[in-house]
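Visitor: Residues per chain, in single letters:
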Amino acid sequence: MNIQDSFHPEQEIAKEAPCLQRSLLEGRSITNILLTGIAWLAAIIASVPLISVLYGLIVKGGHRLSLEVFTELPPAGFEEGGGFGNAIVGTLVTVGFGAVISIPIGFLAAIFLAELEPDGKVAYVARFCAKTLTGLPSILAGVFAYAVVVLATGTYSAPAAGVALALLMLPTVVLTAEGAMRMVPSKMKAAAYGIGCTRSQVIWKIVLPTALPGVLTGVMLAIARAAGETAPLLFTALFSNYWFVENGTAHVMEPIASLSVLIYNFAGMPYENQIELAWTASLVLVMMVLLFNILARVLGRKKV
Amino acid sequence: MNAFEQTVAGEQISGPPSQTDYLLDRSFRGLATVCAWLILIVVGLILWKIGAKAVPAISEYQLGFLTGTTWDVNKQVYGILPEIWGTLYSSILALIIGGFFGITMAIFLTQDFLPPRIALVFRTIIELLAAIPSVVYGLWGIYVVIPFVRPIADWLNAEFGWIPFFSTTLSGPGMLPAALVLSIMILPTIAAVSQDALRMVPYRIKEAAYGLGANRWEVILKVMLSTASTGIFGSLVLGFGRALGETMALAMLIGNSNQLSLSLFSPGNTLAALLALNFPEAGQHEIPVLMYAALVLLLITFVVNMAGTAIMTMTSKQLKAGR
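Protein sequences appear in the order of chains A and B.
So in numbering that gives the first Met the number 0, spot 25 of the first sequence is number 24, and the numbers just go up one at a time.
So in numbering that gives the first Met the number 0, spot 168 of the second sequence is number 167, and the numbers just go up one at a time.
The following block holds chain B by itself, in its conformation from the complex (with noise of 0.2 Å):
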């Protein structure tokens, strides 16, 4: 060995990586890798897990299950139906009303109507909402909206009593202050999500309808809107996949009362809160029943969140493609 390689070996800086570094390298990546595929095997063991504890109530009620209207432990009667109309009810009914505040909120905050402080006023406000946790939602919804609402819910049923949404009293908990907790709860997904859909619309199309002589509320009903319209239909769609999950704020304000009602002031049931009721003290053959009903409700919220997801998706493609 020369003096030269001597003092290249004892100081060396640089070099190719090491074994050690390479065998780091592969381990590390493939580690990254198995975490990525343990998202995909996550959601297929959701699906596969909850599937098979439902096997046997599956083979045993069949497809009567969704269309029966009991629900008796004792007899082992069991149906859902009223559970399916009411989440459907509910959220619908939410997404009526936190559709409307979500969407006008978001036309609020990007349309250029408030000075950039007011602004941050209001979208700290939406930020806070989604903050609230469901079940303090519930607990309020008892203590201030059902005595609040009830009044107004009984002179409803009193004067217009002889249509069908009014046909009940309001005797506490109902579907009427359950979807008003529930509509509030999915605002701030639906505000959030068509603002970002009403900032992609590019600049130029707006300045162009002002340029013609439009004023504001033309441009944004005729321009922004239309342009829009993809990505605040699919804040809606999410939005509607939010209201059908949520459970604590509904298992606490909806009366968990098994009936098919058309009236807003009648109690009624969804089938997150027949789970979250009926799951800690389910006997051993109500819980494949149970475990049924969650396959239902795992099936709806699917198919309706992956619509949500693809309907951005496209938009977002769409808009690129158009800048």
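Same shape as in the complex, but just chain A (with noise of 0.2 Å):
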């Protein structure tokens, strides 16, 4: 059939070719153009508060930065001086009892999920289980972990802490570690079962090698957020004024000291050098927690 027989434009077409220009001046344009400079204020405003803390932290917590602040000990009330090594190694102390609590336990079960039985019930309920625990109030994991260790111990202690920050890092490894391994080809693992591995030989020769990056990611994110938190530690740690190894003996059944504990206890004292070292402590802090984040960021990358 002809197209054009039935075809007749100067009947289609009105006599007036539409407007295809869009006038500026119209309301849903005035409208349009408004809505994107509030979404670009909206943005701009919403970048101020972390330039204010970057700030804060480098100039009011800058000035403090030298070795002393590194190999002292927290001042007491009047003294000047003074410096926080205590709490920086506590921190890495108590962020390693938590570590190697919660990353066996978590990567195994990452094994579980993704591997083992992802479809199973007991899948799917501890995936929910593990979701609904990244939303745990940190302080929460501290009454836990004061419950079930420190009432047990009778002390507060670094062990102590740590069930507290396994407990927080625990679905971080899990569902980062999951995700990662079931990125994994299963061409690979078809490959690898067809030449007769078996499935731990599967798991531990071709999936565990080739996810590693992810999982690494999602250690180090957990460790991040780990160092960070202070909730968690205020009455499973405590605080210490003293150090960790003392005279070449580790005081492990005892309070320890941690860098977030620090800045929240000196952050309310009225004495000035305390607060310059909280300033100083937290400006180290969030140096660690960056270090993380962008060991994370850069393990993330190789993509498999």
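What the hints contain is simulated information worked out from the structure, not anything from laboratory work.
Take every hint as true, because none was put in to throw you off.
Below, a sample of chain B positions facing chain A; criterion: calculated Cβ distance under 8 Å:
no.: 1; residue: LEU23
no.: 2; residue: LEU138
no.: 3; residue: PRO279
Covered, in the sense of this in silico footprint (three residues per stretch, anywhere, with C-beta under 8 Å from a C-beta of chain B), are these stretches of chain A:
no.: 4; segment: 31–40
no.: 5; segment: 124–134
no.: 6; segment: 139–148
no.: 7; segment: 162–176
no.: 8; segment: 233–244
no.: 9; segment: 261–267
no.: 10; segment: 278–286
Capping the alpha-carbon separation at 25 Å, the derived lysine-lysine pairs in BS3-like fashion look like this:
no.: 11; chain 1: B; residue 1: LYS316; chain 2: A; residue 2: LYS130
no.: 12; chain 1: B; residue 1: LYS205; chain 2: B; residue 2: LYS221
no.: 13; chain 1: A; residue 1: LYS188; chain 2: A; residue 2: LYS120
no.: 14; chain 1: A; residue 1: LYS130; chain 2: B; residue 2: LYS48
no.: 15; chain 1: A; residue 1: LYS130; chain 2: A; residue 2: LYS120
no.: 16; chain 1: B; residue 1: LYS316; chain 2: A; residue 2: LYS120
no.: 17; chain 1: B; residue 1: LYS316; chain 2: B; residue 2: LYS205
no.: 18; chain 1: B; residue 1: LYS221; chain 2: B; residue 2: LYS316
no.: 19; chain 1: A; residue 1: LYS186; chain 2: A; residue 2: LYS204
Glycine included, every Cβ here is placed at the ideal spot set by N, Cα and C.
With the hints as a guide, dock the two chains, each given alone in a separate frame, to form the complex.
Guide: Here you go:
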């Protein structure tokens, strides 16, 4: 059939060509421009707090930054000088305990969720529980560790803090590791099964090496989060004005210092020296957290 | 044994898994299964441990605990209504502020407003906001936010004191600085989850709307937001959950005063801050009471977070099915 027969342009199209130009004075155009302006404004306002925090950290925290703060113990009330060397060690020790507890469990649980029974009921419930745990208020992790470890051992200690932090690290480790393992192409696994590998061999020799960058990203993010936590340490680690290792013995079952609790304690003090140290400690803490975040990102960049 | 069998046995390169391989395989899989169960057990254990420690207080104070307004250790009278009010009030305020900025940020970053490089700058800003520890926000709140907000608050109180929200002066710590800092802390959660929700909207829906002649904000408001609405709602619920449980910044900024007030400038208290402040020095009798308060906080946050997680799971399924 000839198309031209049924097509009469002079009848179909209106006499005047429709206006395809958009007028900027039209109501909807004005709304459009206005809303774009608001979005820009909102984005800029949302960036102000970060700039202000970083400015505060660098200006107020920067000028006390010296070798002294890393090697000295926290000053008492009216004392001048001092540092928070023991708190840096304490943060590393408590996070270390948290990592030692949460990483193996999280890692093995992720293997179960991603490889062994990804669609089973247990996996479904475990995944849901892990997601719910990401929203667990950090203070409640502290309450739990207090009820389970502090009351049982009768003392505030680094392992008690480690249990609290592990609880907060676990969901991050599990969920990111599971995600990374699921990205491993099934062809690779099928090939390994084809040459007669057992499931464990497939997991250890194929899945893990391929998914390792992703797994490590999760671990780094979990460590970064744990290093900045304060609430779970308040009544599990408490605080200490002394070094973790003194005279060659490690005080494992004793209260331990941490940067975040030091900031909290010093922030409320009426002494200028302590407040300055709180800012400096914040700067050091933020640098530590950012370092782990950057590590997480660098590791995560190597895509599977 | 003939020569052939000898060579095969000597230079064996393949064979069925040995007894040891089987054993290792079984035990490794068993271990992984145990660890997956551990996640379930841990959640149960949290509820059980905190619940068990709270039992003496629950039987003593019962539900009157939730509606009492005094907290007096000496008289052993405990009530957490002001804390429940403070928790909800500060979280809702933070949700309004953080929700507006978070969703706007998500739109801004996903709807092609920016060249990729500038978008990366804003994305990094949001990620950095999330990375800063809450105790640092608390310190910043005390020495930067409160001095900044105070003159504004006092002016509002002087001029508009008859409005209940402005009925007191800001004498230092209070609800407004706490809610402001809280909103900054939940902004990254809301922005990140909303971005995912907006990205999941199929591209052709957006193209169709542009094809009909809609301009950018018409597409965003009428097509993108309504299609992604469940996901965005989920982001708000998750952000709300974060706000409810946030401890340090609030403990440092809210003033820790046991009062019920609608005023934005009066000091208040939250459940999490109550725990943080009273736990370290709690006596034998106070601990079960604090455990009761912890249980209340735990139940509130679990319900909110489970709702948020369920909404997110639902949306991703819906959108996957719609594709």
